[in-house]
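From first to last, the protein sequence lines stand for chains U and D. Heads up: the first sequence at position 34 corresponds to 94 in our numbering, and the numbers run straight through without jumps. Heads up: the second sequence at position 202 corresponds to 241 in our numbering, and the numbers run straight through without jumps.
Treat each hint with caution, since some may be false.
[Claimed, not checked] Part of the chain D face toward chain U, derived, beta carbon under 8 Å:
id: 1; residue: 222
id: 2; residue: 223
id: 3; residue: 245
id: 4; residue: 281
id: 5; residue: 312
For the record, the hints were derived by calculation from the structure and aren't laboratory data. Glycine included, C-beta positions come from ideal geometry on N, C-alpha and C.
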Amino acid sequence: MTISAPALKVEEPASGYAALRRRRRGLALPLALGLLLFVLVLVPILLMFVGAVRTGTFVDPRAQFSLRSIAAVYTTLPYLKILAVTVGASLLVSLVACVIGIGLAWLLARTDLPARGLMENAVIAPLYLSPFVGALAWLVLGSPNAGLLNVLARDLLDVQGSVINVMTAGGVILVMALYNVPYAYMTVSAALKGMDPSMEEASYLNGAGTLATALKITFPVVRPSIVSAFFFVFVLTCGTFSIPAALGGTQALPFLAVDIYRAVATFPLDYARAAAIGTLLFWISLVGVFFYRFASRVATRFVTVTARGYRTRLVKLRGWRWPAILAILVYVTLAIILPYLALLYVAFTRFTSSSILDASFTLDNIRSVIGSVAVQQSIGNTLLVGVLSPTLCVLLGIVIAYAIRRLRVRGGGILDYVAMFPIAVPGIVFGTGIFWTYLMTPAYGTIWILVIAFVASYIPFAYRMVDTSIIQIDKSLEEASAVCGASHWRTARQVTFRLIRPGVLSAWILVFIFSIREISAAILLASPSNKVLSVMSWDYLEFGNVQNAAIVGLLQTAILIVGIVVGRYVLRVRLSQAV
Amino acid sequence: MAHSDDRSRFGSQGVWSRRGVLQGGALAGLGALGLSLTGRSGLALAATPEPDAGLVAAAKAEGTLTYYHTTAIDPTGVWTKVFTDKYGITTQNVRGPSYPLWERWLTEERVGQHIADLVQITDTVLIESAHDEGLIAEYAPASAAGIRPEMKKDGVWYTIFVNAMGIAWNSTKVTPEEDKLIRTGGWNVLTDPRWKGRFATGTPASGGSSYSYVYMFLGGKRDQFGPDFVTKMAALKPQVYDSKSPMYDRLAAGEHAIVDQASQSDMGGLYLKGAPIRWVFPDPTPANLTVQTISAKAPHPNAARLFQEWAMSAEGQAAWFKVAGVASAREDTVDPRKAAKADWYKEDWYADPKDLYIDYLSDPGYVDPAKPIIAEWNQIFGR
Chain U
61 MTISAPALKV EEPASGYAAL RRRRRGLALP LALGLLLFVL VLVPILLMFV
111 GAVRTGTFVD PRAQFSLRSI AAVYTTLPYL KILAVTVGAS LLVSLVACVI
161 GIGLAWLLAR TDLPARGLME NAVIAPLYLS PFVGALAWLV LGSPNAGLLN
211 VLARDLLDVQ GSVINVMTAG GVILVMALYN VPYAYMTVSA ALKGMDPSME
261 EASYLNGAGT LATALKITFP VVRPSIVSAF FFVFVLTCGT FSIPAALGGT
311 QALPFLAVDI YRAVATFPLD YARAAAIGTL LFWISLVGVF FYRFASRVAT
361 RFVTVTARGY RTRLVKLRGW RWPAILAILV YVTLAIILPY LALLYVAFTR
411 FTSSSILDAS FTLDNIRSVI GSVAVQQSIG NTLLVGVLSP TLCVLLGIVI
461 AYAIRRLRVR GGGILDYVAM FPIAVPGIVF GTGIFWTYLM TPAYGTIWIL
511 VIAFVASYIP FAYRMVDTSI IQIDKSLEEA SAVCGASHWR TARQVTFRLI
561 RPGVLSAWIL VFIFSIREIS AAILLASPSN KVLSVMSWDY LEFGNVQNAA
611 IVGLLQTAIL IVGIVVGRYV LRVRLSQAV
Chain D
40 MAHSDDRSRF GSQGVWSRRG VLQGGALAGL GALGLSLTGR SGLALAATPE
90 PDAGLVAAAK AEGTLTYYHT TAIDPTGVWT KVFTDKYGIT TQNVRGPSYP
140 LWERWLTEER VGQHIADLVQ ITDTVLIESA HDEGLIAEYA PASAAGIRPE
190 MKKDGVWYTI FVNAMGIAWN STKVTPEEDK LIRTGGWNVL TDPRWKGRFA
240 TGTPASGGSS YSYVYMFLGG KRDQFGPDFV TKMAALKPQV YDSKSPMYDR
290 LAAGEHAIVD QASQSDMGGL YLKGAPIRWV FPDPTPANLT VQTISAKAPH
340 PNAARLFQEW AMSAEGQAAW FKVAGVASAR EDTVDPRKAA KADWYKEDWY
390 ADPKDLYIDY LSDPGYVDPA KPIIAEWNQI FGR
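Just chain U, with the same shape it has in the complex (with noise of 0.2 Å):
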């Protein structure tokens, strides 16, 4: 065997033709990925600050540039208290999705539960539901007067009054925190099983406890993550709008991103007032993934791939398993069987009754949705959507991320910071910028603005997962290739692809669950021909047909299902794992 070390060869000066083109190749690399990006996420930013600035639309000839939504959002009341109550609201459901998923995080990472990896998958379960469809579940389920779950009380326990209202601040920022808890649960749970149990064997060894050993060596370790999974969260909740929405708009919680959406949806329509909440918007979720970087950063030094192999002790429970099951089953209940027991109820019913036992029950919905041609189309525009947007998405992420982490190309670090920007704009705003920005092109009308859409809103996520597979994989094991001679390709595609493809897969899962699901960039973009189920469900409800607005979110969720599936079982994706 041929031993060369040409990673370790000490670069020769730089001079004469070969250097220069060296360099060149250096540069072409960046500046493609650069401009990619420019085009892809700067542009819709860019045009969403011009757009707070403008007094009507790009291509109204009356409007010209002015500064009065600007001042109106960022000076006076009524927009500073909605802001305040924004991000009030926005922390109040980190905390509860993060304190939530922790628990069930450490549960089934660190406990001898039984069939946690059934419990695993329902957990993350919620993921497969539209936020915006459990909202409407939780309207069915929940709400004062004709809520499933307050008229079944009245009528079998003669409760008076309400036994739960989610169309309080209360009732919004609980269904918001229950679909936000898969994401902290990925976050934290990813980082136990990725921690190094020697730490905890010592702990065990110096004698310490169950609970000293979580809250003093378990904690610690993985406190990264959980910052970074509850500013996740919290950039995430700040620029939702469909659940509030759904849930009594601004009267039961004043939130910016509904303001938004009404500032598009209802007179005046006011583009610029909807582009200056979206910087006001931009800005606080900026802070926020700020610190989700800082966190993220920090949490992957803590997670590593080597080819040392571990086996983590599971803490025994024993009195502690009924309730820590039970804890689970009471999320599982609320996240999952209960939403989807009021959608097919909802589905079944010839209009939405809040009395199930004189409920009429027909089939005619069903027929009806599955029989209209908008919806055939809109299942296939879903399905490319579905997988034309994870794969150019994942694709990019890992062209950023290998360049960055492994060429080390030159402004990597620009790359690295625009690549994350999307995730600081709301659905809503960035889906207006796509909107301005695909106005006069071929794409405009296509199902290809979606898949735009979708790859630069989905790029954080994408980049993000790839390049902390990047980096987790131990340098030693790439430069042990290259020291026994493999090319620098060779040694990409044996090795570094070879150990990131679960990071890959996983991150294909995740956006593809986002692109399903996806709905405010959705709702502005669609034309005849790129309906997709989301638009079509938004659509049913906006005209009071709950009973097929329910139908098309079933739908959505079996799609999800069988991509999950396929994930699960034919490419061995542990969606757990993915964050």
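Put chain D on the given structure of chain U with help from the hints.
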């Protein structure tokens, strides 16, 4: 400008000044909707001229059209399918809320992305400015001769149907006394403190029909109702919906006992599904027009014209009746259910609107592009 002359036909006295051209003296005391409901359906289909054969051939050659509409998805799909079945021309239906859909169409037309062939809207004021901008195709379908004069602007826009708006309630959520009160109490019922926490309404900012509804109280009939009336309504702290249809669904479910802006088509649909819904049309009953116009740069201009011909014909209007029980824009077309005393027409609580308020289309307050009454309403409701 030519169109401003046309608009003078829609003056506040417009409906009444043309009583002479409308059918029969028996119609005299009724509003436009009442007129349509007493019309002669039997004569309708025979009276409508068939579209020009050349137009039909050209439209069939185009084979398809794109229809931007604000009416509910499925009923609209059923309606346009009747057209497709007749002519073999498929329709791509794109639904959107009134104002955003219109704004989007304007934007597309301004940048040369010509996608829509026909656009439907509930706010005729917006069509006027688009017409000024040259974005509307001028076309007068022969079949539209049967459309009531006040429900069209010849060559520009034509009404598909008239939507009257009243008060609806869930009969399981009110007492018999309250039921009687709603049926006889007129609009003042909506200011009764008993509905606190049980009442829902829709914002006038959501679209033309809600705007027209609120306009009656704060604009056209300000002397009779005005800010005091609306303030009393707001004091009940109603749930305010950005879109009315979800409000109707929640009424049927029993979340609210009573709602306003109840349209015949939506209430009729829920009634037919067995929902415990009743509705009345107090006097005066605000109504608004759902109209459609052809895009100047329609990619399928012949198919668009043929569709407009069909939609305005007695056949097209009758097809709309089958999917929604609203009043026609034609006086010769009525809902056959009424004559047969079928569905809600057989109920003792049901009565057609008598004093329809529709003659506001050229009121300065109504056509004001700033729509000041929306700001006033928002202020009263603290939004």
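How the hints compare with the structure:
no. : hint : result
1   : 222  : violated, 22 Å
2   : 223  : violated, 25 Å
3   : 245  : holds, 5 Å
4   : 281  : holds, 6 Å
5   : 312  : holds, 4 Å
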